[in-house]
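Chains W and L, in that order, are what the protein sequence lines are. Numbering-wise, this note's numbering puts 13 at position 13 of the first sequence, and it's gapless, one number per residue. Heads up, this note's numbering is the position in the second sequence plus 1000, with the first residue counted as 1.
Simulated from the structure, these hints should not be mistaken for lab results. Note that the structure is predicted; figures quoted are calculated from it, not measured. Possibly wrong hints are sitting among the right ones.
[Said to hold, decoys possible] In silico lysine-lysine, BS3-like type, Cα no more than 25 Å apart, as pairs:
| no. | chain 1 | residue 1 | chain 2 | residue 2 |
| --- | --- | --- | --- | --- |
| 1 | L | 1220 | L | 1095 |
| 2 | L | 1448 | L | 1273 |
| 3 | L | 1250 | L | 1380 |
| 4 | L | 1338 | W | 28 |
| 5 | W | 49 | L | 1448 |
| 6 | W | 4 | L | 1095 |
| 7 | L | 1325 | W | 91 |
| 8 | L | 1403 | W | 39 |
| 9 | W | 28 | L | 1403 |
| 10 | L | 1375 | W | 39 |
[Unchecked claim] Output of the computed footprint for chain W on chain L, the stretches with three or more beta carbons under 8 Å from beta carbons of chain W:
| no. | stretch |
| --- | --- |
| 11 | 1084–1091 |
| 12 | 1219–1229 |
| 13 | 1280–1292 |
| 14 | 1295–1304 |
| 15 | 1320–1329 |
| 16 | 1343–1350 |
| 17 | 1354–1368 |
Cβ coordinates follow ideal geometry from the N, Cα and C atoms, glycine included.
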Amino acid sequence: MINKETVNYVGALARLHIDPQNADRFAKNLEDILHYVEKLNTLDVSSVKPTSHVLDVENVFREDTVIPSLSQDKAMGFAVEHHKGFYKVAKVIE
Amino acid sequence: MNFYNLTAHELLSLLDQKKVISEDVLKSLKERVSLVNKKTNAFIREPQVSSPAKGAFGIPVGIKDNICIADELVTCGSNILKGFRPPYDAGVVEKIKAHGSEVWGGLNMDEFAFGSSCESSFYGPTRNPWDLERVPGGSSGGSASAVAAGEAVWALGSDTGGSVRQPASFCGVVGLKPTYGRVSRYGLVAFGSSLDQIGPITKDVTDSALLLNMIAGFDKRDSTSVDTPVPDYAKALVKDVKGLKIGIPKEYFIDGIDPEVASAVHEAIDILKKEGAVIKDISLPHTEYAVATYYIVATAEASSNLARFDGVEYGLREVPDRVRKTPLIDMYETTREKGFGDEAKRRIMLGTYVLSSGYYDAYYLRAQKVRTLIKQDFDKAFGECDAILCPTSPTTAFKINEKVNDPLAMYLSDIFTIPANLAGIPAISIPCGFDKKKLPIGLQIMGKPFAEETLFRISYTYEQNTPWHLERAKL
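Next up, chain W with everything else stripped away, as it sits in the complex (with noise of 0.2 Å):
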């Protein structure tokens, strides 16, 4: 069962504020969803591998080679704020 409450939980989890007025209407959809989804419960996948990936390829290494990077400069150019090479945000430790 989806409620409010789990809404707000995710919500954290994935650090997304849920306006109260929007909660219902969301925990709607994900129940709505989450119903529908259930049909997997009838297959039996006890004996199955699961697919992560469809290519047959794992562990691409490569040379550790330095090549031309983006400047500190462009790299930070979008950031909100930055100060000295660093991104700036609220203060975190008292």
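With chain W's structure known, arrange chain L on it following the hints.
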């Protein structure tokens, strides 16, 4: 002369014969955009062209607004990327520029490609050129609408669960989702990383092959791109399907499918049969589980991919009026609340939920296992046929606002396109007729991994026998 109704290969041949110059083509296209974009809203921003293209491939390629072009805005149809200009080109953009072509960014899309109707864009819905009251499909609705309206000669979209093929079907154009790994995802803003592929949206099959020629190939910056030789796809444009085995999956002709869609697809089957293809009935027994599997796997991947939008490195930053938790966490939570639309929020929440402690095995792991079963269905089917043919979508284009308040109904419009993404196989949608309302119907052909040439051969043969690709929407 109006160039906007021509295909890229027609224009290229005129350019080759020096009957036109690229400046005139660009001018004609820009005029077309100025004239009709206010009706379609296919481009979020009208293309700015600084200098005319010079290379042999001098026809601009429209680019969905989730593919990075250096120093140009990229919005993903979202408010959260407000003002962001990526400092680099996507792999596909690099390749197109290397061919001497322009790129025209800013094609509208469902926010972060979350949708099947192009209505969830922060920049307003795109409309279908065949009927402006209807959706163009999605999520690459801007790309499909622009090509159908003549605003772009050809375009790129991205396809995670049908986002190239379903809008191509709704807009009467050709849309190809290549094999997973055929085209670099470097610089494509990620949605579902194990499902996403960039693909061409074009007026006909020939253009699709030419555009795939431009963008296919290995890119070391995308470790899931595959280092196998890229054939010349233009050579696969052969009018000959003799002896090719084409499977018809019974699970794709279900109750609820529009009878006019079913009948158009059956007529297509007859045409290919007359051309010498061997038609076989096949079964893909786990088809009915594909949508449920997809909405777990894709949202799980999306919720982690979208974690990067947090008001720090780029885009929007919003803070609440009062402190709720701590100033930093409040900033993250409010930025994401104001930056994302409802559908993005739903998917982030659903993805977070299915990955959360206590639910991972019940949802995410189980879905990954069912994904294996769906993939095995295709492996088995391709043991007895070379390609699989079915409708692209169960219906033609629906009305704007018809499904907006029913996410599940919206998700089910991708029921026939999602399986190819889960299995990683290539699939193409080509026009196969119109319904009584003069709305386009799409035919989907799915192939074995890296067998895009087979798809082109079948599509081209069908196209050469039918007039649908010559029809243009009147605006």
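Results of checking the hints against the structure:
{"no.": "1", "hint": "L:1220 / L:1095", "verdict": "14 Å, holds"}
{"no.": "2", "hint": "L:1448 / L:1273", "verdict": "20 Å, holds"}
{"no.": "3", "hint": "L:1250 / L:1380", "verdict": "15 Å, holds"}
{"no.": "4", "hint": "L:1338 / W:28", "verdict": "21 Å, holds"}
{"no.": "5", "hint": "W:49 / L:1448", "verdict": "21 Å, holds"}
{"no.": "6", "hint": "W:4 / L:1095", "verdict": "48 Å, violated"}
{"no.": "7", "hint": "L:1325 / W:91", "verdict": "13 Å, holds"}
{"no.": "8", "hint": "L:1403 / W:39", "verdict": "22 Å, holds"}
{"no.": "9", "hint": "W:28 / L:1403", "verdict": "16 Å, holds"}
{"no.": "10", "hint": "L:1375 / W:39", "verdict": "18 Å, holds"}
{"no.": "11", "hint": "1084–1091", "verdict": "holds (count 4)"}
{"no.": "12", "hint": "1219–1229", "verdict": "holds (count 4)"}
{"no.": "13", "hint": "1280–1292", "verdict": "holds (count 5)"}
{"no.": "14", "hint": "1295–1304", "verdict": "holds (count 3)"}
{"no.": "15", "hint": "1320–1329", "verdict": "holds (count 6)"}
{"no.": "16", "hint": "1343–1350", "verdict": "holds (count 5)"}
{"no.": "17", "hint": "1354–1368", "verdict": "holds (count 6)"}
When the structure is compared with the earlier hints, a violation turns up for hint 6 alone.
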